[in-house]
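Visitor: Sequences listed follow chains S and W, in order.
The numbering used here puts the first sequence at residues 1 to 772.
The numbering used here puts the second sequence at residues 773 to 971.
If you're looking for bench data, these hints aren't it; they were derived computationally from the structure.
Among the hints, erroneous ones may be present.
[Said to hold, decoys possible] BS3-like cross-link-like pairs, simulated, lysine-lysine; straight-line CA separation at most 30 Å:
| # | chain 1 | residue 1 | chain 2 | residue 2 |
| --- | --- | --- | --- | --- |
| 1 | W | Lys804 | S | Lys69 |
| 2 | S | Lys507 | S | Lys296 |
| 3 | S | Lys329 | S | Lys295 |
| 4 | S | Lys507 | W | Lys804 |
| 5 | S | Lys116 | S | Lys329 |
| 6 | S | Lys69 | S | Lys507 |
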Amino acid sequence: MTATDPAKPAPLPLDPAIAPPGTRNFRDAGGIPADRWHADQNGETLVPTHCCFCGVQCGMYLRVDNAGKVFGVEPRNHDINRMRLCPKGINAYQQVNHPDRLTSPLMRRSRYEEFKEASWDEALDFTVSEIRRIQAAHGNDAFGLLGGASLYSEKTYLVGKFGRVALKTRHVDYNGRLCMVSAAGANKLAFGIDRAANPFSDILLTDCLLIAGSNVGECFPVMTQYVWGARDRGATLIVIDPRETAIARTADVHVPVKPGTDSAFFNAVLHVIVEEGLTDEAYLAAHTTGWDEVKKTVQAYPPARSAEICGIPASQIVQVARMFAGADKAMAFHARGIEHHSQGVENCLSVINMCVATGNLGKPGAGYGTITGQGNGQGGREHGQKADLLPGGRSIMNEEHRRQICRIWGIDEADLPPAGTSMMEMVWQMQRQEIRGLIGICNNPFVSLPNYGAVKQGYDTLDFHAQFDFFLSETAANAHVVFPVTVWAEDEGVMANTEARVVKHNKAQEPPAGVRTDTWVMCELARRLGVGDKFDFAGSREVFEELRIASAGTVNDYYGITYERLEATGGIAWPCPSTEHPGTPRLFEDGRTYHPDGKIHMQVVEWHPPMDAYTEEFPLSLTTGRTVAHFLSGNQTRRLGALVEQTPRPWVEVHPSHGFRDGDPVRVVTRRGSEVFPALVTEAIRPDTVFIPYHWPVPTAANALTIDALDPRSKIPEYKVCAARIEAAERVDEVPAPPTAPGRQAYPETQVSRTDPLPPTSSQGRGTAERS
Amino acid sequence: MMGRTIFIDPGRCIGCQACVSACRECDSHRGKSMIHLDYTDPGQSVASLPTVCMHCEDPVAPCAEVCPADAILVTADGVVQQADTTRCIGCANCVNACPFGVPKIDLQAKLQMKCNLCYDRTAYGLAPMCATVCPTGALFYGTLEELQAERPGVQVADSFAFGDVVVSTGVAMVVPADKVQWPVPGGLPVVEVNGVDVR
Ligand code: SF4
Ligand code: SF4
Chain S
1 MTATDPAKPA PLPLDPAIAP PGTRNFRDAG GIPADRWHAD QNGETLVPTH
51 CCFCGVQCGM YLRVDNAGKV FGVEPRNHDI NRMRLCPKGI NAYQQVNHPD
101 RLTSPLMRRS RYEEFKEASW DEALDFTVSE IRRIQAAHGN DAFGLLGGAS
151 LYSEKTYLVG KFGRVALKTR HVDYNGRLCM VSAAGANKLA FGIDRAANPF
201 SDILLTDCLL IAGSNVGECF PVMTQYVWGA RDRGATLIVI DPRETAIART
251 ADVHVPVKPG TDSAFFNAVL HVIVEEGLTD EAYLAAHTTG WDEVKKTVQA
301 YPPARSAEIC GIPASQIVQV ARMFAGADKA MAFHARGIEH HSQGVENCLS
351 VINMCVATGN LGKPGAGYGT ITGQGNGQGG REHGQKADLL PGGRSIMNEE
401 HRRQICRIWG IDEADLPPAG TSMMEMVWQM QRQEIRGLIG ICNNPFVSLP
451 NYGAVKQGYD TLDFHAQFDF FLSETAANAH VVFPVTVWAE DEGVMANTEA
501 RVVKHNKAQE PPAGVRTDTW VMCELARRLG VGDKFDFAGS REVFEELRIA
551 SAGTVNDYYG ITYERLEATG GIAWPCPSTE HPGTPRLFED GRTYHPDGKI
601 HMQVVEWHPP MDAYTEEFPL SLTTGRTVAH FLSGNQTRRL GALVEQTPRP
651 WVEVHPSHGF RDGDPVRVVT RRGSEVFPAL VTEAIRPDTV FIPYHWPVPT
701 AANALTIDAL DPRSKIPEYK VCAARIEAAE RVDEVPAPPT APGRQAYPET
751 QVSRTDPLPP TSSQGRGTAE RS
Chain W
773 MMGRTIFIDP GRCIGCQACV SACRECDSHR GKSMIHLDYT DPGQSVASLP
823 TVCMHCEDPV APCAEVCPAD AILVTADGVV QQADTTRCIG CANCVNACPF
873 GVPKIDLQAK LQMKCNLCYD RTAYGLAPMC ATVCPTGALF YGTLEELQAE
923 RPGVQVADSF AFGDVVVSTG VAMVVPADKV QWPVPGGLPV VEVNGVDVR
């Protein structure tokens, strides 16, 4: 674990012509901003860092006062976002010194007791004795570990190592399982590498942009500037989404497919591309395997058949095929809308087939990408907190890979556990008492997993449950021990964004007294479990040095990335095998993939219907998604006044044909349960589909209704489609306030409108006014 | 139209309210947002657009004209400042006079507040907070030439008719390229596009 060659900062190649609109040619990687604004009355300092929330990873400065406290934000001219921020980014700083922060460990010996503040020693010792007790009685695998993709990559590396080396359990997984593992699986199958192929700036160079299942405007707002920039340069825009989102509103073609029918649509598009002779046969012959089978399969998807499955006009399929295949350079982006399915991997493969068949790969302005949800959704799985992966994206099933990692970790090969199960499967194992103890690190499954009833039952069955968090999440409120850990601005570390660009976050203030870093807590637990020598890390920097070495020589190569280089360049895309290497912003430029034969392995995709069958009783599709003001389970954003005010509560979006008026209480019923939301009546959704944003806990949780069916390969839950019905109700369910530690008042500003049963005020004002 | 000013392009707005949040962070009225976000077609579409102070030039800002206390200062570079705290009597004349519905009044403090184009930032050559962060460029700060260099063919309007009265503004609005005379939200016909009278 030693630092090797001193890093020589190598600037990233950046084409100055490629700048998002409104940004001209300025560039500031991370040092002193050229255009710095001196609001110097307080002698404030600006600390360059990045937003903690989504996969765009916008650069920002945190304003720190002369007492060393974060008190504001200042836009930063970083390559990715060029000063732009969304409302989450602007308000993120408010959580750093928020009154709801946990500042002391909380502990109780059974769920019948109240939480009491405990000393760190007490909480750590109790946790260790419970781990020992459970593992002695039921075996090592009876203890599970669930990490999170909002953690820095150093910490996700440590989660994987802690699970396998300290807990010696096979059951390690993470909440990125709920995010983009379908895309990861598809990319691995087709290209042997798990990441998007192009940087954001390529969007500005494309002639045709296809966005499938991604509400870019609300989920990745800062990416919108690239989309609009492409439009300024004349690119056509195709949007596939059951709702007319802000992006769809201005698209050349908006295809409102029925949820769960995406691969039927893309197969039909490829059918038309083949029929009309628009394929790039030279490219296919030189670079692919499996094309003949794919071509044969799509013959069974003529536009008329798919149009019926997808509930759209067949002419749209032909139009999209001609537009995409006819463009000089075309790009396809997708997100959870097509990934959160029991055939999520297949959906992504059908998009890849379309890009490959038209030769749109490895060129500026041509390629594919998946848009990451969580800040470190990309980096969070690369270094071993996923059930089947070891650091460097190595497979835990591969003998050679196991040997390499055991050598680096200094453990016996026989001691390295085999692959575990996925996050949802672990919940089912908790229900069956196969898993009896659990540590959760920065995740909130009580809001984020589907089928809340099953999740609650699983967690309630646990003998022991500990959570790391900085606010008391709904899940932490159910635990035996809660460890108060740092927020992002109190530690340093790296994250990899949607482009696979690794960026460095910097520390802006000291944590409050009583708060420790996740790294410290894991190392301390490991020490008490008797493996302290393997966890001798003072902080993120030392963990990163080990991570670099552990990833060297793999596809996920971070070896050439150092903190110093990141600070000097503003981000480096992996693979980056040496400290002279500039990184790899665009993949496949030489036509080779990361499979040993260098080919693209095209995969046959057959459409099959969603797992939850439609019947007369449940005729509608329920789909879920995000709003611009909130982030995932809302544990952070539901506490920030401005964001609560912007979107105080969830709603159910319904088409006017159902006869409801805005604000009417509507009961949504699925096979898992029922809840009542205010109606948001709008023509911007399919008549056979209803939509609920998912950031709130029961009794206003979309995930009390969604189905826990999984994709057989990626094990991602099918959040984006289940069968439902709606009916008139008496009154809407009240939105609960987020839990707070005992003896504390909830931050009053966050209570704005919380239980207000008035009509919904969606972040985009859909249906807030009545029409005559 | 001023040299450097805000251009509003409703076609790009995604209704994210980053501008609203950013405005709260501005030092001149910290904690309060001076931006109105309007939804033009609720129930039908997600279309939205922000309203910031239009910094009227001709006739000189109606809000300043009607102010009995002379509390609203217009600077030499055309920025209509928010009410001077030592003068404002909270009478709300300005609220009634503004054709765009911009000024806000804090009745308890007897004080008017409005966008002053982030004078604390623009004076240092920085863009106003809202236009800096707007993730889509629906709010753009710069000159008309800079805007047109980035968005070829873009047309803007900076005069608006209210009955017989025409108000020319310092802030301009992007209008569809193929429709020069087009009712802007609120039903006002555009009378001038890129400085040319199109009536
Ligand atoms: S949430 Fe995403 S888009 Fe918004 S500021 Fe943060 S990184 Fe940027
Ligand atoms: S920040 Fe920009 S896109 Fe967002 S609401 Fe304001 S003007 Fe619209």
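Visitor: Broken hints, numbered, in rising order?
Guide: 2, 5
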